[in-house]
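Listed below are the residues making up each chain.
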Amino acid sequence: MSDVVEKTLSALPSLLSLDSQAGAGKLSPSSKLGNLIKGITELTSKHEEETLIKKELESIKEQVASPNTTMRQMKEIMVRAIYCEMLGYQASFSYIHAIKLAQQGSVLEKRVGYLAVSLFLNETDEFLLLLVNTVLKDLQSTNLIEVCMALTVVSQMFPKDMIPAILPVVEEKLTHPKEIIRRKAVLALYKFYLIAPNQVQHIHSKFRKALCDKDPGVMTASLHIYLQLIKENPESYKDLTGSMVTILRQVVGGKLPLDFNYHSVPAPWLQIQLLRILAYLGKEDQGTSEMMYDVLEESLRRAEMNHNITYAILFECVKTIYTVHPKSQLLEKAAECIGNFVLSPKINLKYLGLKALTYVVQQDANLALPHQMTIIECLDHSDVIIKRETLELLFRITNAQNVTVIVEKMLEFLRLTCDDYSTIDLVGKVAELAEKYSPDNVWFIQTMNSVFSLGGDVMQPDIPNNFLRLLAEGVDNVEDRQLRLFAVDSYVSLLQGETAKLPQRFLQVISWVLGEYSYLREEESDPGSVMRLLARLLDQRHTSTETRSWVLGAMTKLCSSPVSVALARDVCERYSGSLNTVLRQKAQELMILSQDTKLRARVLPAEGRLESPEVDSSLSFLDGYVSDALAAGAAPYKSPHQRQEDLVQEKALSLEPYGLSLPVSLSSCSITDRRSPTLLSMSSGLSGNSTELSHQEGSTTLKLEGVKRVWGKDGYLAQQQSAGETPTPLVELPSPLLSPQSPPSQKPSSGLEPDQEKRQLASSLFVGLGSHNSVCLMGRAETAPRHFRRKPRGESSSGASEGSSDSSHSSRSAAVDNLLHSNLLDSTTVASEGGAATTTTPQQTSQRTLDHTTSNGNPHVEGTEQRVEAGGPLSLIRGNGMVAVVPPTHTQTDPQTQQDLHPAPALERPRDLPLTSHLPAELSGLARSEFTPLCSDQDSSLALSACRVYKEDALVLLVFISNNNDSALHQMVLQLTCKELEISCISGSPLKEVKGHSVSVCLHTVVMKRASVQVELAGLLSYQRPLGQPQAAQFSLSLSLKHFLRPLTVSTGDYGKMWLSFSHDLKQNLRLVTTEHQEPLTATLDALKGKLHLHVVDIIGSEGIVACRLLQGPGQGQPCLLHCRVHADSLAVWLRSPVPELPDSLLYHCQKALTET
Amino acid sequence: MPQVPEISMALLPFINNYTHLQCKMRFLLLFSRQGKLRLQKWFTPIPEREKKKITRDMTTMVLARKPRSCNFLHWKDLKIVYKRYASLYFCCGLDAEENELLALEMLHRYVELLDKYFGNVCELDIIFNFEKAYFILDEFLLGGEVQETSKLVVARSVEASDMLQEKQRLMEIILLFPLFFSCYHGGIHEQACILTLGGMDLHTPEGIWTITDLEVLLLYRTMEL
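Residue numbers (the numbering used here), protein chains in the order written: chain A, 1 to 1157; chain B, 1 to 225.
The hints are simulated quantities; they were obtained by calculation from the structure and are not laboratory data. Small disclaimer: the values here were computed from a predicted structure and weren't measured. Every residue gets a Cβ at the ideal spot worked out from N, C-alpha and C, and that includes glycine. Worth double-checking, as some hints may not be accurate.
[Stated by the list, open to error] Now the stretches of chain B that chain A is said to cover, found in silico as 3 or more residues with beta-carbon under 8 angstroms:
#1 25 to 34
#2 74 to 87
#3 90 to 102
#4 120 to 133
#5 150 to 159
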């Protein structure tokens, strides 16, 4: 044999050119890519690289466009394009070719095509829609590699709207014989769950099967989904605790195949995943936690090898132990474990130890005590990351005693750091600590000064805001005065120094404080000194316009002395010509106020501005107006955020047409397409049904855990007791045993001194911890109110915080509103009430006005009523303005007012009245609803009821007015209003009066202007008894979409034509109704037909087509077509209509109808 | 009092901007000591400009680190875990709650996988065969989650796809390589074949093919079938 080898070897060179270069084995330097890469590496300047890549991109562009380029060449080109993109050069022209390659190439080319797609495109890219069909085809391929590639790309990126197209195929793959396919399918579904949770809700049972898969890889993959599910809703998965514990026990016990080992640790990733799941399951749940104690202990014990991966597991284990219901034995072991981390010489482990400590001290601050010396060392560590993490830990153990030292350390760090993000973070923390634990005024102001100068213009805006509020809100006692005075003094001395380096935010704070509180420096001989300092600020070039306007504002408050006035005049002259309108306005104000002392004293009273004026931040004085507007059919207020969401929603809907261009995906869409409930609820929200909206939204948002906490602010109770029994090392006498890592051995000569220093530092840092468990032990939680804490201001604090220079405006405007309000209600009392409004709160005023009105015998009501008769829309609002006079019985307003006005709350329904007999003859044969009582008078003398009659072309609404009194009703006017409805009266002449003990009927035809799920109809009946005053009764009635639906009789052929012509569609899976003697489809359609007046056009096999129309004016109607198909246990419904709102609202009613049956 | 204006967008937390996907790893970057990007994988949709900024920040931050310092960093509200292997830096961005050590080991596992595939992997392997490195990564991590931790399984699934690729090449090689037949039919042992032929360059009309050991092995095995 050896001679054969020899012969071969000797023959080789003649056949091959031997490249003897070692290591170049796999490179193919002569390929185009190789040349490109080589070329790039040889270049020296960025410019050269640019030219080269540009040339390369040009050539690529040319090649991809050429029709002669084979797929195989395309693959090679794609790799080059990827390389160019990696270097940061856009090759967007090649994206479409990447998709083409994935579509048309053979397996190998496809692979590169898919890779390029996943690297080039984002999830939101519209190009991805072109990939859907390819993915679908590959998923159904018989070639495993193709299926794998398709699943891989799907789990990386897939357009959310297209998930339904491939979901059934991916689902199928869960039962594939190959484990790699099953695993990838599980991961793809996990991805779907993340981007569209509702789409995969129905496959939860299959996830369980994946969890029990015989292949550990598939099981591990399914844990990703479970971690997410359990995190969101631990309650529903408590039953899995046993399985998870068993799995973890098996993994820890090494029952998995050896190739899952990582550095001889069994499946560490799996272990950590399980530990996290257990943490979520056992959190605040003693019963569940008890099931896992054993396995947690075992995990701790088994992870003893000295390798990063075991430490990773230990870390997770400790976290879990401290998250689940505590068990003291385990806690001790975990604490010991943390010690190993913290004391480790390896810097990564030290970091993790600090992180673990930060986590656990939130539950028990004493845990930091044994590690004081290490913590001190870490504070001075050369690596900033360690320092930063140590500060984080210190922040968690701060209390009133150690605050000065800790804040000093933080500021020290801040002075050195140049990273904006950590500056923002730390500055916020310092400000929080200073506010909470400040020992005295001087320290507080100094600390805040450092915060402002270090935080500069990047810090969170609420820090200066909170600070100013704190200064302004204090009661006017000596202590507060001192604080303010000290602030003023310190700012004056700051301004006297170099101001160029002070950040703008700080200057703004300074000028506000000086403006407000400079008067406290009474003893100051020179009254213009502060003014001059401020003027100097204005002169400086780097001062921003915004700061200038603050400064001008401060000057306006200060210009009392003649010197100041002169200075002010100077400034005014300069700025009254400024291009900036704000500055010009401020200068103008300053000018006028500095000249008119009286006006100034009134606008800016020197002492008075301390008391922040009362501001009704809830704007309750507008309540009347709002309820009137609502009753008049105005749309309820939507916050900008909500409006934004609606907009987004509309955009999302407009994506639909894409579906049309993809016939393959559509056909599969109709099988199991589901629309996420969020989308649905949003669209129903569009139609104005706010209760429904909030309800449905609630179901999709995360559930917040409302479970009680086992951990108090002083740590776990049992733990604390044990801490009390075992003598914790006293802080004042730190024993050297505590710091085995302390460095005296390193520096024998001077080693003692730094050690001493560190101990001192330790005693100052850890004071208040452990020695006595006072409130400040765990100061992180809400402690007793301290001097520096902001005073609670009730709910209206946000509005009240405005209290300062601007607030005079707001209080004035509130008074004006008040005036208007009382004017509207009571024109006779304007003078007196208007005067009072300036002194009382708006609520009080309106209350008083109300009382006044009722006691006055409402002379004004007559007037309004006449206007009502005139029938103008304006007068209608006015008429509704007196709601409170005869409050509605349906819409419960303020119960107190109602009781005041109606001592007899009896609300008897005139049920015994045979209202049927009053039904007009022409309507008696038609389908109608029950009689609904609308409202009745306090003594049942007047009762209103309503009834709906379903006519073919309209909905007829009958309002029965039953007069149970002897006296007749006169001057009767019935007004029905609703924005979404078109209402017209059909009773010949509007009735004027109802005789005693008789019933009158008002007929209205009602049609919907715009489809919506449900609408509120507001009604107002005004009338007069012969001897009484005019009265009014208000009621409301809700009408739902189904009242306006009528069957649409079309032939199957017409249906088909209409179907194609309608553009707005919607798909959803509905519940199937099952009965004993009917097919599920027929039963379901019958149920829908009965409840919603639909017309079943045809039923063919498992499909049914249904049509209906929505009443919209005489002879008109908007059609809506439904295509139903039975799929598995559900009914896939596809709705189409020419109007966008109709499918949404109809679908809602279908769902409701089916859940009711 | 007037409210102090909001801070600029650039300083907002990173997570807040891109939260709709709650995956654990946000990105993985491989770059050289000179700061040249060798591989980039983004697990969350991030705008192109942001990507460039992150890449720039990462290279400057990581390259500025002294040796023997901590392998973890903070960047905005992300945790950065990096490790240097020879001339190449592996760097990934994680959610703040993630376990940094685990991520570090994950990087290591990826390096092991690369090593197994390329055989004594070096930076040049990744430069010239970056698409292979991506394929391996896709088998190991999927959407920012560890997909398969078993080294064998990953290798097997990468090889399964490779096999096809190789087969195609082998057919070409065989056509150009009559010598192989003589080797094979001459009864030379598999290992000897690899020793002889692995690493050789073949001149073909499309350029030079370099035969890898694996290819020889596959060729051998294919012949045996």
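The hints, checked one at a time:
Figure legend: the segment 25 to 34 of chain B, annotated as covered by chain A; annotation inconsistent (0 residues with Cβ-Cβ distances under 8 angstroms, at least 3 required). By the rule of at least three residues with a Cβ nearer than 8 angstroms to a Cβ of chain A, the coverage given for the segment 74 to 87 of chain B holds, with 4 such residues. With a cut-off of 8 angstroms between beta carbons, the segment 90 to 102 of chain B has 4 residues touching chain A; three or more are needed, and the interface restraint holds. Only when three residues or more bring their CB closer than 8 angstroms to a CB of chain A does the claim for the segment 120 to 133 of chain B stand; here the count is 8, and the claim holds.
Coverage of the segment 150 to 159 of chain B by chain A holds in this model, with 5 residues showing a Cβ closer than 8 angstroms to a Cβ of that chain against a need of three.
Hint 1 from the earlier list is the only one contradicted by this structure; the remaining hints agree with it.
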